[in-house]
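Asks: In case you want the letters, here they are:
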Amino acid sequence: MTLTIALAAVLAIAVAFAYLGRSRARGMRSGGSRLNSLPAYHAGYVFLWAALPALLALAAWSPIQNRLVEQAVLASPAGQQLPEFDMVRDTILSEAYEIAAGQREAGFNPESTALAPVYRATLAHYAWIGGGLAILLALAGGAWALTRVHPGFRARSGVERWVMGALVGASLIAILTTLGIVLSLLFESLRFFSMVSPSEFLFGTQWSPQTALRADQAGSSGAFGSIPLFWGTIFIGAIIAMIVAIPLGLMSAIFLTQYAPAKLRSVLKPALEILAGVPTVVYGYFAALTVAPLVRDLGIALGIGSASSESALAAGLVMGIMIIPLVSSMADDSIAAVPQSMRDGSLALGATRSETIKKVVLPAALPGVVGGVLLAVSRAIGETMIVVMAAGLAANLTINPFDSVTTVTTQIVQLLTGDQEFDSPKTLAAFALGLVLFLITLVLNLIALRVVRRYREAYE
Amino acid sequence: MNSVALTRWSGEDAQRRVAKRYAAERRFKLLGLLAVGISVAFLVFLLATMLVRGVGGLSATFLAGSDSTDPAMAGVWGALKGSFLTILVTIGLAFPVGVLSAVYLEEFAPRNRWTDLIEVSINNLAAVPSIIFGLLGLAVFLNVLHLPRSAPLVGGLTLALMTMPVIVIAGRNAIKSVPPSIRDAALGVGASKMQVVFHHVLPLALPGILTGTIIGMARALGETAPLLMIGMRAFIAAPPQGISDPATVLPVQIFLWSDEVSRGFVEKTSAAIIVLLVFMLLMNGLAIYLRNRFERRW
Numbered sequence: 001m002t003l004t005i006a007l008a009a010v011l012a013i014a015v016a017f018a019y020l021g022r023s024r025a026r027g028m029r030s031g032g033s034r035l036n037s038l039p040a041y042h043a044g045y046v047f048l049w050a051a052l053p054a055l056l057a058l059a060a061w062s063p064i065q066n067r068l069v070e071q072a073v074l075a076s077p078a079g080q081q082l083p084e085f086d087m088v089r090d091t092i093l094s095e096a097y098e099i100a101a102g103q104r105e106a107g108f109n110p111e112s113t114a115l116a117p118v119y120r121a122t123l124a125h126y127a128w129i130g131g132g133l134a135i136l137l138a139l140a141g142g143a144w145a146l147t148r149v150h151p152g153f154r155a156r157s158g159v160e161r162w163v164m165g166a167l168v169g170a171s172l173i174a175i176l177t178t179l180g181i182v183l184s185l186l187f188e189s190l191r192f193f194s195m196v197s198p199s200e201f202l203f204g205t206q207w208s209p210q211t212a213l214r215a216d217q218a219g220s221s222g223a224f225g226s227i228p229l230f231w232g233t234i235f236i237g238a239i240i241a242m243i244v245a246i247p248l249g250l251m252s253a254i255f256l257t258q259y260a261p262a263k264l265r266s267v268l269k270p271a272l273e274i275l276a277g278v279p280t281v282v283y284g285y286f287a288a289l290t291v292a293p294l295v296r297d298l299g300i301a302l303g304i305g306s307a308s309s310e311s312a313l314a315a316g317l318v319m320g321i322m323i324i325p326l327v328s329s330m331a332d333d334s335i336a337a338v339p340q341s342m343r344d345g346s347l348a349l350g351a352t353r354s355e356t357i358k359k360v361v362l363p364a365a366l367p368g369v370v371g372g373v374l375l376a377v378s379r380a381i382g383e384t385m386i387v388v389m390a391a392g393l394a395a396n397l398t399i400n401p402f403d404s405v406t407t408v409t410t411q412i413v414q415l416l417t418g419d420q421e422f423d424s425p426k427t428l429a430a431f432a433l434g435l436v437l438f439l440i441t442l443v444l445n446l447i448a449l450r451v452v453r454r455y456r457e458a459y460e
Numbered sequence: 461m462n463s464v465a466l467t468r469w470s471g472e473d474a475q476r477r478v479a480k481r482y483a484a485e486r487r488f489k490l491l492g493l494l495a496v497g498i499s500v501a502f503l504v505f506l507l508a509t510m511l512v513r514g515v516g517g518l519s520a521t522f523l524a525g526s527d528s529t530d531p532a533m534a535g536v537w538g539a540l541k542g543s544f545l546t547i548l549v550t551i552g553l554a555f556p557v558g559v560l561s562a563v564y565l566e567e568f569a570p571r572n573r574w575t576d577l578i579e580v581s582i583n584n585l586a587a588v589p590s591i592i593f594g595l596l597g598l599a600v601f602l603n604v605l606h607l608p609r610s611a612p613l614v615g616g617l618t619l620a621l622m623t624m625p626v627i628v629i630a631g632r633n634a635i636k637s638v639p640p641s642i643r644d645a646a647l648g649v650g651a652s653k654m655q656v657v658f659h660h661v662l663p664l665a666l667p668g669i670l671t672g673t674i675i676g677m678a679r680a681l682g683e684t685a686p687l688l689m690i691g692m693r694a695f696i697a698a699p700p701q702g703i704s705d706p707a708t709v710l711p712v713q714i715f716l717w718s719d720e721v722s723r724g725f726v727e728k729t730s731a732a733i734i735v736l737l738v739f740m741l742l743m744n745g746l747a748i749y750l751r752n753r754f755e756r757r758w
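If you're matching them up, the sequences are chains A and B in order.
Position 186 of the first sequence, counted from 1, bears residue number 186 in the working numbering, the numbering being contiguous throughout.
Counting the second sequence from 1 gives a position; the working numbering is that position plus 460.
Isolated chain B (complex conformation) (with noise of 0.2 Å):
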């Protein structure tokens, strides 16, 4: 009986058999491969779209410019400028609160009904839509505190209020992962527990909370439903002077430009879009460098 089963597996059934096997394997992996492949071709593909026809729309005076309703002399520079206001709002605000809060989470915090509570609602924050954020601005921050309308410091105060959870959230990962070793060392030393967090703990977490708090900036660099809740759409001519100033920004120039019919906004929207995506890149490129360089493992 043993002996006959031994023989079957090199016989020419078990042989097919395997290598019915390997051929499954061999199609699954290039499922897998092609999977990657068709994500990968479609960024390539818009990405070389958005070349092909906003190349010709790059130039001085379109980077200069501002708003226009002639195509041939609208530009960039009031929308990037609105597009800068907002975030400096927006990383002014977030950056500290964010970091507070998750060293107050992380090192701090009872367990108790409390503090799930704020984690759940951190959590949640965190996948609610956008243009949720863009209702609560219009009925707070507009309706409410009579804030100006269409003004950068509204449009960063609501930025604010949505990268404020992923920054909380990528805080606390990398305070998670400075080792406890290092805090005990200190306490050994007689550090009291604050300066153990804020001499020790948090300088380890640095790179990790930088690199979440730039990825955070990029989706709020790029972000445009909400601040079409809060009226950042109007017609904008001269680049805004300060945060209190009517201003656009640059995703939303992108929109506003994408519903011209005039010809000559194709490929003003295009050359938008590439400006855009140089900056989101740059900063996406500039986290990963942070990740990559600074990146302990204990």
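The following block holds chain A by itself, in its conformation from the complex (with noise of 0.2 Å):
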């Protein structure tokens, strides 16, 4: 609350030094002097100075804050009487941080309660002295920089300035992101490994993830092989669903490119983009529901006893379709970037459209379909709502497309929506998935990007 108070008057008064700074330009401006800056640079250049200072500073005061509150808390006479035990004593202070805070209404523990007026004082108390500084931030800040508005200064340059840090901050986050993604998986992936051997993680053929809960219980090791998930993955992603949405998807963008009046393809690209477009939840209820059943009939009337109600076959299909809008998109653009000469010489020799197509235009085509290829296997791998609620949940090693099988995605989803303590290996498990599960793709990503960029530039 006060936080939100401390950020208002901030800004409050930046827009208030902003005004006097541009006004300050203009009354120099009206009385002859000739600015280097229009008056809107000053005032930008006084904002600045008044409110990313201030804000700056209550960015960081909240952790420093958050220390020094515990600390003020504990030192108080009704903090002194908890356990010395950190771990009860650190749950009666988040406790009584919430309900402080009015996260909750009563404690667990009855000290909670008991504390959680004194933790909200204090935490008053302090969010006061932070607010209280940025305020005076801004004010220094504000009132230093409207005494540099002046004719010769060169108000622009300041504020490109800071919009150049700005641009450089916003363009190195995608750099940070990728970095949290390794680090993190990383990072809990080796916690993983240092109670799983990473052998019989990679090469490992039984995937059974209980940890016991009493050392001299019945399957009380559990097992992490990751084979049968990885199988599992390939089967439904990068087989079933490619033998679907490869020709498909093909055979749409010649479609669309290559014969297709202009009036139909207006109506028919819009429906493959909706198609692209469709949440994947939805999909996913959509293939439990109603393809699921119609598969297991067809493996029943086939005479496939074990025909079951959570096959591959169908996650596979509906992954597929999902994945058309995408290889057809791919494939439009490859297919356009052909050049129009080597259409027209190939049809100048008496080629019909259709052979001028599949001899010369899918193979000057094809690096850039192989990538579009690439990046929709990356995409159906990683695919997860189709899989969770199509596909199974039993590891199994088969080839056998009415079977059931799981993937790398759905033991991610099951592993870590459970009720459980943040250091066994069943939730360790899940990252040390996700972190093979990224590698995998990044590959694929990098040699997918790789191909379709030089190709681009063969034809350019």
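These are computed hints drawn from the structure, not numbers from a lab.
On a predicted model such as this, the values are computed, not experimentally measured, just so you know.
The C-beta atom is built at its ideal place from N, Cα and C for all residues, glycine as well.
Careful, some of the hints might be misleading.
[Unchecked claim] Computed footprint of chain B on chain A; a stretch qualifies when at least three of its residues, placed anywhere within it, have a C-beta under 8 Å from a C-beta of chain B:
(1) 250-259
(2) 270-282
(3) 285-293
(4) 319-326
(5) 384-396
Can you join these two chains into the complex? Each is in its own frame, and there are hints to help.
Replies: And the structure:
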């Protein structure tokens, strides 16, 4: 609450200073002096100096404040009566914090309810200090910048330097995100591999991620062999889905770019875009409720007794349909990039259009198409909701498409959505699976991007 | 010799060969039409199934209510509000960061190893499975930064990281398509590089950027997996009041209801899907409209 007030105050001060800066610059201009920068830039310069340091201070204050508040609460009479044992004390403290912040009504421990008023008072105390500090900084920064408003002052370069900083900062976020993904996955995976050996994880064929409550329980060890999961992922995502998506996507692209009249194209293309925009949870529900029973009945009609209602085929089929627009648009791009002169040459020799497409356009567009297919595979093996809802949980090593298989993403969801403490191999296994999944898709993406880019350069 | 070859072209053999080739041509064309037809038929089948199953579940109580254990009382308002708050956080973070980094990469970045690294990570992030972003959110936002679990704030942050690359890529393409003559003209009358970009290039590129942003937001709106990872799957019977309250979002609500064995929830799930699809279609329609209305061929 105090934070919001401080934030509003800082912004109000900055706006006021900006206004002062502008009117001062305007006054100088009407006084006859030639300004280096427009008054708006002077205003912007003053605004930035009033707002940014204060906002940074506010952002830096909250972690400092939390520590100071905790120390102050522990030093208070009520806090000194708390048990010495760290874990109990921390629970009580965090409960007291939640009560003080209004996130819950009463604590599980009576001590925390008693501590809450103290907590609230200290919190308010330090929040005021922080807010006051920020407001002072805003005033000081604004006043200093105001003194620099001068006809010869290069306010524009000053503002542009800040903007440039923002531009560089924004583009670094992509690298930070990548780094964050790699580090967080790596860190948790290392903890997992300190409990389960990497070779068992990578080459084991048994997957049953239980951890026992007692050491002497039956089946206490749990098995973390990930081969069946990766087989299931490849079977559904890279085999069944691609058997559906590659021919259909490619033929769609050929039809749309080479044959369809403009009017038909303007209807069909948005339809494919809508197909691409349907949320995966909808596909998953459709696969589980409508496609899976059909596939099971088909399996039984074919005489496969073991046909499961959570078959690999149902999930793979729907996933393939979901991927069609992606394959189609990638193929579309690469077919469009083939120079018209090659097409004309073939047609002039007397080849029909389909012969031209098969013998000239497709071979020339092949690298782009392959790149698109690789991206599609990467998308399919990382797809989660369809397989969570339509594929099973049984980790089978099978090539029967009517049988149930499980995938890496399904297991990640399964492992992390139960009520689990965060140290068991079971939860950490999800991060190890995530790491391998990330590495596989990274390699696929990099190859695909490189292939597509090389190929584009070849015709430009 | 020459005359023999010529007569062959009008002979019966040649006629048959030409007819065969034309038949192959027709077959190929039909095959293409069939491929597109299958996709469109599937789409129609899917939409029709959801409409038939769910249209009975759409009612005022359904649109105004929140999650409940009783299918007759359950509604989507709570989830819808959660979705709305989450998307608000996402757009507030991803749009400025995405546009600024597109501007930097397209207009200012020097060609060096750092820029290449940024480019590769953006292109790769756009294709990283969404569930990985969920793992990142769980490990960093919840376990390291201790942000509130199940809150739209964390969901929005996670989805922002996921949609940012999409906006950057769309933004770069839009900026690239602004002809250099515009920049040269502005520079020629004395504008600084920054003024050229922010006064001339960005306004012209804005429709393209907005189209990409809306498509990215539509994707974020339909995303489920990363939000499951950060705990937005709890049973929440009251709509969230702010971005740090526990909440759920529409796709997750659909997923949760799809697991319910009670028959009443089948209708509710399909009805919720209809609501979600209406929002998606609206957003995609807006994007297509923007593209057609403002797209300029230079």
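Asks: Indicate, hint by hint, whether the structure satisfies it.
Replies: Hint check:
1. With 8 residues bearing a CB less than 8 Å from a CB of chain B, the segment 250-259 of chain A meets the requirement of three and the coverage assertion stands.
2. A stretch counts as covered by a chain when three or more of its residues have a beta carbon under 8 Å from one of that chain; for the segment 270-282 of chain A and chain B the count is 12, and the coverage holds.
3. Residue count for the segment 285-293 of chain A with a Cβ under 8 Å from a Cβ of chain B: 5. That meets the three needed, and the coverage hint holds.
4. By the rule of at least three residues with a Cβ nearer than 8 Å to a Cβ of chain B, the coverage given for the segment 319-326 of chain A holds, with 3 such residues.
5. For the segment 384-396 of chain A, the stated coverage by chain B is satisfied: 4 residues place a CB nearer than 8 Å to a CB of that chain, which reaches the threshold of 3.
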